[in-house]
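J.: Sequences listed follow chains V and L, in order.
Its first residue numbered 0, the first sequence is counted upward by one per residue in numbering that gives the first Met the number 0.
Its first residue numbered 0, the second sequence is counted upward by one per residue in numbering that gives the first Met the number 0.
Worth flagging that the hints you see were computed from the coordinates, not collected in a lab.
Treat the hints with care, as some may be off.
In this list, chains with the same sequence are indistinguishable; a pair is considered to hold if it fits within one copy or across any two.
Mimicking PhoX-like on lysine-lysine, the simulated pairs with C-alpha atoms at most 25 angstroms apart in a straight line are [stated by the list, open to error]:
(1) K131 / K297
(2) K297 / K210
(3) K48 / K253
(4) K257 / K283
(5) K292 / K131
(6) K210 / K280
(7) K173 / K290
(8) K90 / K253
(9) K131 / K48
(10) K165 / K131
(11) K176 / K292
(12) K165 / K213
(13) K29 / K176
(14) K283 / K131
(15) K210 / K176
(16) K297 / K213
So the chains spell out like this:
Number of protein chains: 2
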Amino acid sequence: MSQKMNKPETVAIVGLGLLGASLGMALREKGVKRLGWTRRADIREWAVKENVIDGTAEEIHDVLSQADITVLCLPIPEIINYIELNAASWKPGSIVTDIGSVKEVIVECGEKNLTPHGVYFVGSHPMAGTEKSGPAAAFPTLYDNAEVFVTQTPNTCPAAFAGIIKLWEDINTKTVKIGVREHDILVAHTSHISHVLALALTEAVLDCPEKEQKLRYSGCATGFRDTSRITSSSPQMWREIIENNQPAVLETVKEVEKRWRHIRQIIESRQYDQLQEEFAKGKKLRDDWIKYKNSTQKCNW
Amino acid sequence: MSQKMNKPETVAIVGLGLLGASLGMALREKGVKRLGWTRRADIREWAVKENVIDGTAEEIHDVLSQADITVLCLPIPEIINYIELNAASWKPGSIVTDIGSVKEVIVECGEKNLTPHGVYFVGSHPMAGTEKSGPAAAFPTLYDNAEVFVTQTPNTCPAAFAGIIKLWEDINTKTVKIGVREHDILVAHTSHISHVLALALTEAVLDCPEKEQKLRYSGCATGFRDTSRITSSSPQMWREIIENNQPAVLETVKEVEKRWRHIRQIIESRQYDQLQEEFAKGKKLRDDWIKYKNSTQKCNW
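So here's chain V without its partners, still in its complex pose (with noise of 0.2 angstroms):
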């Protein structure tokens, strides 16, 4: 492999959505030769003709049998679907890898499908999205800055994580190494949760008698905007989301619960000063996270 890892390499994106061609512009002339494969043909020619992807095939299997790398940019389930269906389509000694916001049972599927014919499977999760989808929301520097995890297992081959964590790092990101597991309780915290309580805030805002909308519309400021914002991700992607992580999301929602209760209560008694505090304890948690990804990832948030 590590002669391969020298020469230019076919990298396959499947799946030209937000991240498939945002992924597509991002390895524009970067040295590698990028083929596209998703089920419309009108978005595979778009994406020829846009120079998001440098080719095409009609059938996925002409695509995934050239290529080195390929990144599976695909909801969750469908992940699962084409490493099932398409297992025997790549090539010995190519590595697979997916950009899915669960890992344990993606990496599980990639491993047990890909390892009997000698393909390596290495599971991605850019932390990157915004909460547009399809290919007409992409853009080039959607991955820039962006942290990727990129897990590792007792079977995964150093060789081939080597590879996925070059192909990441040619892009601008910076990669996290982490097992399965602890990636799923970590985005459960930090990405999975948020989602949970801004659909929680955004009904009781915004689900109200039809009198009474007109005046909530106009009490909805940049506040409500941006606490709200993920509420208009794509529902489908979600509940895929939570229902392939279920375990640590609840796990996660007693901890908020926790958190929760104890603000309520210092309202209820009428604390004033400790809620005082409390603000000023989520404040210096977020100030130093701010500070703390604009050193480390130019972020300029």
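With chain V held as given, fit chain L onto it using these hints.
T.: Below, chain L without anything else, positioned relative to chain V:
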């Protein structure tokens, strides 16, 4: 009063933080004389030098006594203090308003203290701000397209009310007439509760054992950044807002908990089709609101 409205007015801005200094900038070249006052002499000098205001004075009395309209751009307890302490400084027939995020306590105080001096009080609440504070954070377009609640009570003078409406509309905001109690219940939903939720989320995600913190930092991306943004707001300001709107905030806490429990129960019982419907409902509620804002306020959100 109708005569006064026809000649250029003197507008006094008391408090030159984010909202006060931005108001001064927004009122540039609007045909009014802008006087400003704040406790710190260096900020007053800065504001004159930077054309945030046209003039100032050593003593607050000398500013208030010249004003046709005064806007108190101060924290809630300071608005109340300033009205009580300076009630005799304003000239009869002049109008005082404010930018406080709660209205009942402020308007009661304004009417009670100013009416005996022949001074009119009209409460205002511009839905504008950022998580930052202080004069250095001010910018001239802060109020652009913002909605501004202007309160009416049985004691409100129609001409004074019209004068305040005109002031806000002159700086490109959209005014909304509302009762004080109705206002406070509304913003508990559309604004105050978000700060409680964002605080609980920030603590659940970032208040963790030190050895886990680096990884939590990596796992937090743009979703968390936006959902938690308002946690970086002023702890003192938000303590004061909730302190002065506690019953309405607690009602809203109950409303959010009802929604939260429902969603949690769906996740616990693995009703994922229903979870997807719930996410779709939230998305539609928010997307409809965004469409409304973009069409009525040219927000481009």
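J.: Go through the numbered hints given earlier and state which of them the structure violates, listing their numbers in rising order.
T.: 3, 8, 10
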